[in-house]
Amino acid sequence: MKIAIIGSGVFGTFLAQELGAYAEISDDADIVIPAVPVSAYENVAEKYKGRHLVNVCSVQRVPNETCLRWSDRVTGIHPMFGPQSPVTNRSCIVTHTCAESKPVIDLFAKIGCEIVTHHNGKPITGADHDAMMRKTHLPVLMFGELAALIVEQAADVPDNCLPTSFKRLKALAEQMKDMSPGTVESIRSNL
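In this text, residue positions in the sequence shown follow our numbering: the first is 11, and each later residue adds one.
Since the hints were made in silico from the structure, they are not lab data.
The structure presented is a predicted model; accordingly, all values stated were derived computationally and were not measured.
Be a bit skeptical, because a hint or two may be false.
Dumping the calculated SDA-like pairs for lysine to any residue here, alpha-carbon to alpha-carbon at most 20 Å [said to hold, decoys possible]: (1) 12 - 22; (2) 177 - 159; (3) 120 - 159.
Pairwise CB distance ranges (calculated) [unchecked claim]: (4) 144 - 168: 18 to 26 Å; (5) 32 - 162: 44 to 52 Å; (6) 175 - 113: 28 to 36 Å; (7) 38 - 116: 19 to 27 Å; (8) 175 - 125: 34 to 42 Å; (9) 60 - 182: 38 to 46 Å; (10) 120 - 156: 33 to 41 Å; (11) 130 - 167: 40 to 48 Å; (12) 23 - 82: 25 to 33 Å; (13) 156 - 110: 37 to 45 Å; (14) 32 - 172: 39 to 47 Å; (15) 59 - 201: 28 to 36 Å; (16) 113 - 57: 43 to 51 Å.
Positions of the beta carbon are idealized from the N, C-alpha and C atoms, including for glycine.
Based on the sequences and whatever the hints tell you, model everything.
In C-alpha coordinates form, the structure reads like this:
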(Lines of atoms letter the chains of each structure in order from A and count residues from 1; the text may use other names and numbers.)
(Lines give C-alpha, C1' and ligand atoms only; values in the text may rest on other atoms or scores of the structure.)
Protein backbone atom coordinates (compact mmCIF):
# COMPACT_ATOMS: atom_id res chain seq x y z
CA MET A 1 0.00 0.00 0.00
CA LYS A 2 1.29 3.46 -0.94
CA ILE A 3 0.22 6.62 0.87
CA ALA A 4 1.12 10.28 0.54
CA ILE A 5 1.19 12.36 3.71
CA ILE A 6 0.80 16.06 2.97
CA GLY A 7 2.30 18.22 5.69
CA SER A 8 5.62 17.74 7.43
CA GLY A 9 4.74 19.38 10.72
CA VAL A 10 4.50 17.64 14.07
CA PHE A 11 1.53 15.42 13.19
CA GLY A 12 2.46 14.73 9.56
CA THR A 13 5.97 13.66 10.58
CA PHE A 14 4.54 11.51 13.37
CA LEU A 15 2.05 9.82 11.02
CA ALA A 16 4.80 9.11 8.49
CA GLN A 17 6.87 7.43 11.20
CA GLU A 18 3.94 5.39 12.53
CA LEU A 19 2.32 4.38 9.24
CA GLY A 20 5.61 4.04 7.35
CA ALA A 21 6.22 0.68 9.01
CA TYR A 22 3.16 -0.71 7.19
CA ALA A 23 2.86 1.42 4.05
CA GLU A 24 5.17 2.98 1.49
CA ILE A 25 5.24 6.75 1.81
CA SER A 26 5.25 8.19 -1.71
CA ASP A 27 4.29 11.54 -3.23
CA ASP A 28 2.64 9.78 -6.17
CA ALA A 29 0.36 7.57 -4.04
CA ASP A 30 -3.35 7.41 -4.81
CA ILE A 31 -4.17 7.58 -1.08
CA VAL A 32 -3.54 11.11 0.20
CA ILE A 33 -3.56 12.01 3.90
CA PRO A 34 -3.64 15.78 4.46
CA ALA A 35 -1.94 16.30 7.84
CA VAL A 36 -2.62 20.03 7.67
CA PRO A 37 -4.73 22.57 9.57
CA VAL A 38 -8.42 22.73 8.70
CA SER A 39 -7.80 26.04 6.89
CA ALA A 40 -5.54 24.27 4.36
CA TYR A 41 -7.95 21.44 3.46
CA GLU A 42 -9.54 23.22 0.50
CA ASN A 43 -6.20 23.80 -1.25
CA VAL A 44 -4.92 20.29 -0.54
CA ALA A 45 -8.17 18.60 -1.62
CA GLU A 46 -8.22 20.62 -4.84
CA LYS A 47 -4.58 19.79 -5.60
CA TYR A 48 -5.20 16.06 -5.14
CA LYS A 49 -8.73 15.96 -6.59
CA GLY A 50 -9.99 12.54 -7.58
CA ARG A 51 -7.56 10.71 -5.32
CA HIS A 52 -8.60 8.87 -2.17
CA LEU A 53 -8.50 11.70 0.39
CA VAL A 54 -8.13 10.68 4.04
CA ASN A 55 -9.29 13.36 6.48
CA VAL A 56 -7.32 13.00 9.75
CA CYS A 57 -8.24 16.45 11.06
CA SER A 58 -9.23 17.10 14.69
CA VAL A 59 -12.57 18.31 13.34
CA GLN A 60 -14.34 16.15 10.81
CA ARG A 61 -17.55 17.58 9.33
CA VAL A 62 -16.12 20.53 7.40
CA PRO A 63 -12.97 18.74 6.14
CA ASN A 64 -15.10 15.74 5.04
CA GLU A 65 -17.41 18.10 3.12
CA THR A 66 -14.40 19.89 1.63
CA CYS A 67 -12.79 16.64 0.49
CA LEU A 68 -16.09 15.42 -0.99
CA ARG A 69 -16.22 18.50 -3.25
CA TRP A 70 -13.01 17.27 -4.90
CA SER A 71 -13.31 13.48 -4.73
CA ASP A 72 -15.97 10.86 -4.14
CA ARG A 73 -13.27 8.70 -2.55
CA VAL A 74 -13.06 10.07 1.00
CA THR A 75 -12.33 8.48 4.36
CA GLY A 76 -12.82 10.52 7.52
CA ILE A 77 -10.81 9.13 10.45
CA HIS A 78 -9.63 11.09 13.48
CA PRO A 79 -6.58 9.57 15.19
CA MET A 80 -7.17 10.41 18.86
CA PHE A 81 -3.47 10.49 19.75
CA GLY A 82 -0.24 12.24 18.90
CA PRO A 83 3.53 11.97 19.30
CA GLN A 84 3.53 12.39 23.09
CA SER A 85 0.56 10.07 23.67
CA PRO A 86 1.14 6.57 25.03
CA VAL A 87 1.40 3.80 22.44
CA THR A 88 -1.34 1.92 24.31
CA ASN A 89 -5.05 2.76 24.30
CA ARG A 90 -5.01 4.50 20.94
CA SER A 91 -8.28 4.99 19.14
CA CYS A 92 -9.52 6.44 15.87
CA ILE A 93 -13.03 7.68 15.20
CA VAL A 94 -14.28 6.92 11.68
CA THR A 95 -16.74 9.53 10.40
CA HIS A 96 -16.97 8.84 6.67
CA THR A 97 -16.22 5.87 4.45
CA CYS A 98 -16.15 4.96 0.79
CA ALA A 99 -15.64 1.68 -1.06
CA GLU A 100 -11.86 2.04 -0.58
CA SER A 101 -11.78 2.87 3.13
CA LYS A 102 -11.14 -0.58 4.59
CA PRO A 103 -7.38 -0.78 3.82
CA VAL A 104 -6.87 2.70 5.29
CA ILE A 105 -8.81 1.83 8.44
CA ASP A 106 -6.87 -1.45 8.69
CA LEU A 107 -3.62 0.53 8.42
CA PHE A 108 -4.55 2.49 11.55
CA ALA A 109 -5.51 -0.75 13.30
CA LYS A 110 -2.00 -2.05 12.56
CA ILE A 111 -0.49 0.74 14.66
CA GLY A 112 -2.63 -0.35 17.60
CA CYS A 113 -5.76 1.75 17.19
CA GLU A 114 -9.17 0.72 18.37
CA ILE A 115 -11.42 1.68 15.46
CA VAL A 116 -14.60 3.41 16.64
CA THR A 117 -17.40 3.65 14.09
CA HIS A 118 -20.60 3.75 16.15
CA HIS A 119 -22.01 5.56 19.18
CA ASN A 120 -25.30 4.50 20.77
CA GLY A 121 -25.79 1.98 17.96
CA LYS A 122 -25.53 4.59 15.19
CA PRO A 123 -22.67 5.32 12.78
CA ILE A 124 -20.68 8.38 13.88
CA THR A 125 -20.95 11.25 11.40
CA GLY A 126 -18.61 14.20 11.14
CA ALA A 127 -21.21 16.32 12.95
CA ASP A 128 -21.53 13.72 15.73
CA HIS A 129 -17.74 13.59 16.09
CA ASP A 130 -17.45 17.37 16.27
CA ALA A 131 -20.20 17.58 18.91
CA MET A 132 -18.31 15.05 21.06
CA MET A 133 -15.02 16.93 20.55
CA ARG A 134 -16.66 20.22 21.57
CA LYS A 135 -17.41 18.56 24.93
CA THR A 136 -13.99 16.91 25.32
CA HIS A 137 -11.10 17.97 23.07
CA LEU A 138 -11.88 21.70 23.01
CA PRO A 139 -12.24 22.12 26.81
CA VAL A 140 -9.03 20.14 27.41
CA LEU A 141 -7.22 22.43 24.97
CA MET A 142 -8.54 25.52 26.71
CA PHE A 143 -7.79 24.13 30.18
CA GLY A 144 -4.35 22.98 29.01
CA GLU A 145 -3.50 26.48 27.83
CA LEU A 146 -4.50 27.83 31.25
CA ALA A 147 -2.48 25.05 32.94
CA ALA A 148 0.59 26.06 30.94
CA LEU A 149 0.27 29.65 32.20
CA ILE A 150 -0.11 28.48 35.81
CA VAL A 151 2.90 26.15 35.50
CA GLU A 152 4.96 28.93 33.94
CA GLN A 153 4.28 31.17 36.94
CA ALA A 154 5.66 28.47 39.27
CA ALA A 155 8.77 27.71 37.20
CA ASP A 156 11.01 28.78 40.09
CA VAL A 157 9.53 26.19 42.50
CA PRO A 158 11.67 23.01 42.71
CA ASP A 159 9.95 19.77 41.67
CA ASN A 160 10.43 18.25 45.12
CA CYS A 161 8.40 21.14 46.57
CA LEU A 162 5.42 20.67 44.25
CA PRO A 163 2.21 19.13 45.59
CA THR A 164 1.01 16.02 43.75
CA SER A 165 -1.98 17.92 42.36
CA PHE A 166 0.35 20.51 40.82
CA LYS A 167 2.53 17.75 39.33
CA ARG A 168 -0.58 16.45 37.56
CA LEU A 169 -1.33 19.94 36.28
CA LYS A 170 2.27 20.21 35.09
CA ALA A 171 1.92 16.87 33.25
CA LEU A 172 -1.16 18.21 31.44
CA ALA A 173 0.73 21.35 30.46
CA GLU A 174 3.55 19.16 29.11
CA GLN A 175 1.10 17.05 27.09
CA MET A 176 -0.24 20.20 25.45
CA LYS A 177 3.12 20.47 23.67
CA ASP A 178 1.87 17.46 21.68
CA MET A 179 -0.48 19.80 19.84
CA SER A 180 1.01 21.64 16.92
CA PRO A 181 -0.27 25.11 15.98
CA GLY A 182 -2.23 23.48 13.13
CA THR A 183 -3.90 21.04 15.52
CA VAL A 184 -4.76 23.88 17.89
CA GLU A 185 -6.23 25.87 14.98
CA SER A 186 -8.33 22.89 13.90
CA ILE A 187 -9.63 22.21 17.42
CA ARG A 188 -10.46 25.90 17.94
CA SER A 189 -12.43 25.94 14.67
CA ASN A 190 -14.93 23.65 16.41
CA LEU A 191 -16.23 26.38 18.75
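Right, here's what the structure says about each hint:
1. 12 - 22: Measuring from Cα to Cα gives roughly 15 Å; hence the hint holds.
2. 177 - 159: With Cα atoms ~14 Å apart, residue 177 and residue 159 stay inside 20 Å; holds.
3. 120 - 159: 37 Å, violated
4. 144 - 168: 18 to 26 Å: 38 Å, violated
5. 32 - 162: 44 to 52 Å: 39 Å, violated
6. 175 - 113: 28 to 36 Å: 45 Å, violated
7. 38 - 116: 19 to 27 Å: About 22 Å separates the Cβ atoms of residue 38 and residue 116, which means 19 to 27 Å holds.
8. 175 - 125: 34 to 42 Å: 35 Å, holds
9. 60 - 182: 38 to 46 Å: 42 Å, holds
10. 120 - 156: 33 to 41 Å: 37 Å, holds
11. 130 - 167: 40 to 48 Å: Taking Cβ atoms as reference, residue 130 and residue 167 lie about 45 Å apart, which means the hint holds.
12. 23 - 82: 25 to 33 Å: 29 Å, holds
13. 156 - 110: 37 to 45 Å: About 42 Å separates the Cβ atoms of residue 156 and residue 110, which means 37 to 45 Å holds.
14. 32 - 172: 39 to 47 Å: 41 Å, holds
15. 59 - 201: 28 to 36 Å: 29 Å, holds
16. 113 - 57: 43 to 51 Å: Violated, at about 22 Å.
Going through the hint list in order, the structure does not satisfy hints 3, 4, 5, 6 and 16.
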